[in-house]
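Residue numbers (the numbering used here), protein chains in the order written: chain A, 1 to 431; chain B, 1001 to 1378; chain C, 2001 to 2161.
It should be emphasised that the hints constitute simulated quantities derived from the structure, not laboratory data.
Errors might be hidden in some of the hints.
[To be verified] Per the computed footprint, the stretches of chain B lying under chain C, defined by three or more beta-carbons under 8 Å from a beta-carbon of chain C, are:
(1) 1129-1136
(2) 1218-1231
[Stated by the list, open to error] Quick list of in silico lysine to aspartate or glutamate cross-link-like pairs, EDC-like style, CA-CA up to 20 Å:
(3) LYS1043/B / ASP76/A
(4) LYS1057/B / GLU2150/C
(5) LYS1057/B / GLU2135/C
[To be verified] Some but not every residue of chain C turned toward chain B, in silico, with C-beta under 8 Å:
(6) ASN2057
(7) HIS2074
(8) ALA2106
(9) ILE2108
(10) LEU2132
Don't be surprised by glycine CBs; every beta carbon is placed ideally from N, CA and C.
What follows is each chain in one-letter form.
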Amino acid sequence: MNALADFIINSLGLSGLSAELVMLLLVVAVAAAVFGIGMTISGLLTLAERRVAGRIQSRIGPNRVGPFGLLQWLVDGLKLIMKEDVVPHDADPHMFRMAPYLVVVGVFAAFASLPFGQLLIASDLNVGILYLLAITSLVTVGVLMSGWASNNKWSMIGGIRAAAQIVSYEIPTALSVASIILISGTLSMQGIINEQGGWPWQWYIFYNPFTFAVFFLYFTAALAEGNRIPFDLPEAESELVSGYNTEYSGMRFAGFFLAEFANIYLMSAIATTLFFGGWQIPGVTPEQQAGSLVLQITGMVVFMSKSAVGCFVVIWIRWTLPRLRIDQLMSLCYKYLIPLSFVCLGGNAIYLLIFPKPSSANTLVHMITTLFGGVLIVIFVTRVMYHHRISGVSLDLNFLARGEKGKYNPETQVRAYGSFRKKYEKKQGAK
Amino acid sequence: MTTVIRELGDEQRELVLNMGPHHPSTHGVLRFVLHTDGEVMRKAVPEIGYLHRGLEKIAESTTYPGYVPYTDRVNYLEAMFANEAFSKAIESLSDIEVPERAQYLRAIAGELNRIASHNITIGCITMDLGAITPFVHLLRERETINDLIEALCGQRVTHHYVRIGGVAYDADDNWLKQVEKFLNHFEAIIEELDNLIVYNEILVKRMADVAVITADDAVGFGLVGPNLRASGVDWDLRRDMPYGIYPKLDFDVPIGAGEKGTVGDCFDRFVVRVRELKQSCRIIRQCINNIPDGDIIGNVSRKIKPPKGEVYSCVEGARGELGVYVVSDGTEKPYRVKWRSGSFSAMSIIEHISEGLMIADLVAVIATLDVIAPETDR
Amino acid sequence: MTSEALIDYVKGLLGDKTKWADPEAGDNFLTVASEDWKNICQTLATDKKCSLTYLRNFTGTDYPEDDEIELTAHTFSYSEKHGLIIKTRISREAAVCDTLSKIWPAAIWYEREIFDLLGVSFNNHPDLRRILMPEDWVGHPLRKDYKQQETYRGIPTTRPA
Chain A
1 MNALADFIIN SLGLSGLSAE LVMLLLVVAV AAAVFGIGMT ISGLLTLAER RVAGRIQSRI
61 GPNRVGPFGL LQWLVDGLKL IMKEDVVPHD ADPHMFRMAP YLVVVGVFAA FASLPFGQLL
121 IASDLNVGIL YLLAITSLVT VGVLMSGWAS NNKWSMIGGI RAAAQIVSYE IPTALSVASI
181 ILISGTLSMQ GIINEQGGWP WQWYIFYNPF TFAVFFLYFT AALAEGNRIP FDLPEAESEL
241 VSGYNTEYSG MRFAGFFLAE FANIYLMSAI ATTLFFGGWQ IPGVTPEQQA GSLVLQITGM
301 VVFMSKSAVG CFVVIWIRWT LPRLRIDQLM SLCYKYLIPL SFVCLGGNAI YLLIFPKPSS
361 ANTLVHMITT LFGGVLIVIF VTRVMYHHRI SGVSLDLNFL ARGEKGKYNP ETQVRAYGSF
421 RKKYEKKQGA K
Chain B
1001 MTTVIRELGD EQRELVLNMG PHHPSTHGVL RFVLHTDGEV MRKAVPEIGY LHRGLEKIAE
1061 STTYPGYVPY TDRVNYLEAM FANEAFSKAI ESLSDIEVPE RAQYLRAIAG ELNRIASHNI
1121 TIGCITMDLG AITPFVHLLR ERETINDLIE ALCGQRVTHH YVRIGGVAYD ADDNWLKQVE
1181 KFLNHFEAII EELDNLIVYN EILVKRMADV AVITADDAVG FGLVGPNLRA SGVDWDLRRD
1241 MPYGIYPKLD FDVPIGAGEK GTVGDCFDRF VVRVRELKQS CRIIRQCINN IPDGDIIGNV
1301 SRKIKPPKGE VYSCVEGARG ELGVYVVSDG TEKPYRVKWR SGSFSAMSII EHISEGLMIA
1361 DLVAVIATLD VIAPETDR
Chain C
2001 MTSEALIDYV KGLLGDKTKW ADPEAGDNFL TVASEDWKNI CQTLATDKKC SLTYLRNFTG
2061 TDYPEDDEIE LTAHTFSYSE KHGLIIKTRI SREAAVCDTL SKIWPAAIWY EREIFDLLGV
2121 SFNNHPDLRR ILMPEDWVGH PLRKDYKQQE TYRGIPTTRP A
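So that you can see chain A by itself, here it is in the shape it has in the complex (with noise of 0.2 Å):
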């Protein structure tokens, strides 16, 4: 963006107070345009929830609102806003107020160090993973705060519970980053993704045996952080109705909703940038992607594409998993997570130690674990497929309605007795 700046600056010839001013504006310019973007994301992303929701439950979800349902969370959305916005009597009313907005911004303001491509990112910090982690804190501070402010016992639980939770949390999460931090050598989003390259044994997530187990841990703890199943106790539904939002209504409730959503969105493209190589295109080298918009776009597509499929991925874990308890929450979190990501981050400091940079043995290592990375993934096909093949489960759900071969059958037909027992007789003696 500074460079965006610089360049319009120069090519009016502006200096002084108007430079500043057309800087203020493009601030404001950027911020509206990222702040537009995650709204968009973590709004697609409610209704991919839902499509998906409905596949694994093996009914349709929505798809009447615009083509295949696409403008379902829109409406859902001005629905929301049109709703009455209810303070709770004994609420305390400024901290209820407030609470919506700091989880918004915690989450809204991480994407300005997405990068989503090779120029395409708000503001490239050069401590971008580091303010990543810092600014996302501050929902832990909005949800405690909107848990207390509700004066909800159950809310009150909720709250607490997502303070512990993503607190403790934040610990294998930040030990993970440092394990990339690491190897990578730099903070800024950019500098780790220009450090990877396009093809997958370039990927950060196959650098190195412990790379791979650190992405596991990554993604283990960033859905905890993200409050989703299986960790999503504080506003686990059937415990604490819902938590720590409980007694919100209208767009605040949307608020929480939405950067709940981003949240997810924000944990994939963060797993994209650290491991999976970002918006690195195979075969292109970044001063090539440079000069070209099609490679621009393409890497764009790509970058999205990759968090498209982790958003996926937590959303189906979503609809598959039970919930944990609090008491194995915090025991998976430091007895097992935290130990692991210190393993991790150890092993990562000795292997860079013993091969150092650019060497054969280095690109063998890679090779080697994006093998096994392969082979994990043939396995896990192969196990679905046979567990598939084996249920045998019809899922034609009008199958009684059907005759042998799968046709509609009026013989076969259920047909109710009761008071038409009578008319169904003469109608056979008729026959």
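Position chains B and C against the provided structure of chain A, taking the given hints into account.
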């Protein structure tokens, strides 16, 4: 400020939470008063009565056949069994012979109803533990059963199918074929259920060793059915005090074995229900193969006047022993009717076992004890 | 034990404290005096040969013409596979009886229900409150002379005509 906190006694430092009557995991309208210390409970006191409809009082002013539709409402998930229990009571009071075909039809309809009810229970257990998808899948299977029962008697939920002396409508071969077709489909679903969710690691962790009910406690508090069997008491009314055509049928009674933890924990209560699905399928298959031709209702006059006396009759419903105690004074109307339901005793044990559980565990306990509000409140 | 053998055994065990009914239809039962109620239940529940450990059902019936309320306990033994129906009669006005909750914990809630619907109070009951009706409800619905109150907290209890 700190001094104030220090002065508080142990009792005042606890958090009193009101769970229900409207809460996502209190199925129906139950209410619990939770005395908690943070997440850990000291006591959960169930409060019931929000669905009290006075079914026992209504009985005093209706005729015997006229009361059968009311029995549908004892438990909306197992109307067939309540019909059967009441009809059985009147039959044994006034010596009414039930034709064999009617008994077979009662068994088929009852076991279908049991599968439907267990589907809801198993789905609710997983849903209360956070996995929503199995519930939707099992609800789909229940819909098919509802379709089948609708084809049999015209009602989907409140069946009013079992009548005093027999059943209301006959089933033709076509319907029996449909049921068989459904069983072929559903037995595969049970396998899938086993593969997908029953042994899910998180689900096992959440339920194993949680809220263990010993066999002594289970008998003392009068737990019945799957809850009792999960505690290791090998008892099933269908096998041990046989009624209807059950003595002619061959089936196993699954009991809790402490598969993943202690005998009588939440997981046992869950898995006993999953195993029962298969046995119900077995029973229905045998019934379909052996069902004789004949009448579907015995010789029952329009006005039923049982002789003076009293009877307690019970059937093995989806929640265990569903009993009805009928006192007749020789008139057309019952003098006293009392329902003994599994959920009532299941609710009464919750206060006893709740100490030291976490809030999330209580949800698992309510779900696995399979408490249904209309049955407790009647 | 078969039910005849059990009846003989219980007759021998309790002696002249029992009264056996011989109804023309339905179940056979044993009636005891209300003073012996708790002790006899205790004996039957703990006796090795009876071991009636399961309180299947416990309820009351109002008989205004006799001016009495009849309490009926259906007990059962899982190990011996036999059941026994024990009854007692108490007066309608006093309507007090000993609690069985020490013998069978299941009786805690059954007795609360009887207290609520029939107005029988139980001595030494741990938690005798209304269970199905609201705390401030007037009357006991299963008594035969029960008249429903016209309004409850200002809400009419019958539908306006």
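Results for each hint:
1. 1129-1136: n = 0 at 8 Å, threshold three: violated.
2. 1218-1231: holds (count 4)
3. LYS1043/B / ASP76/A: violated (41 Å)
4. LYS1057/B / GLU2150/C: holds (17 Å)
5. LYS1057/B / GLU2135/C: holds (19 Å)
6. ASN2057: Holds, because the Cβ-Cβ distance from ASN2057/C to chain B comes to roughly 4 Å (cut-off 8 Å).
7. HIS2074: holds (5 Å)
8. ALA2106: holds (4 Å)
9. ILE2108: Result: holds, 6 Å to nearest chain B Cβ.
10. LEU2132: holds (4 Å)
Taken one by one, the earlier hints fail for this structure at numbers 1 and 3, listed in ascending order.
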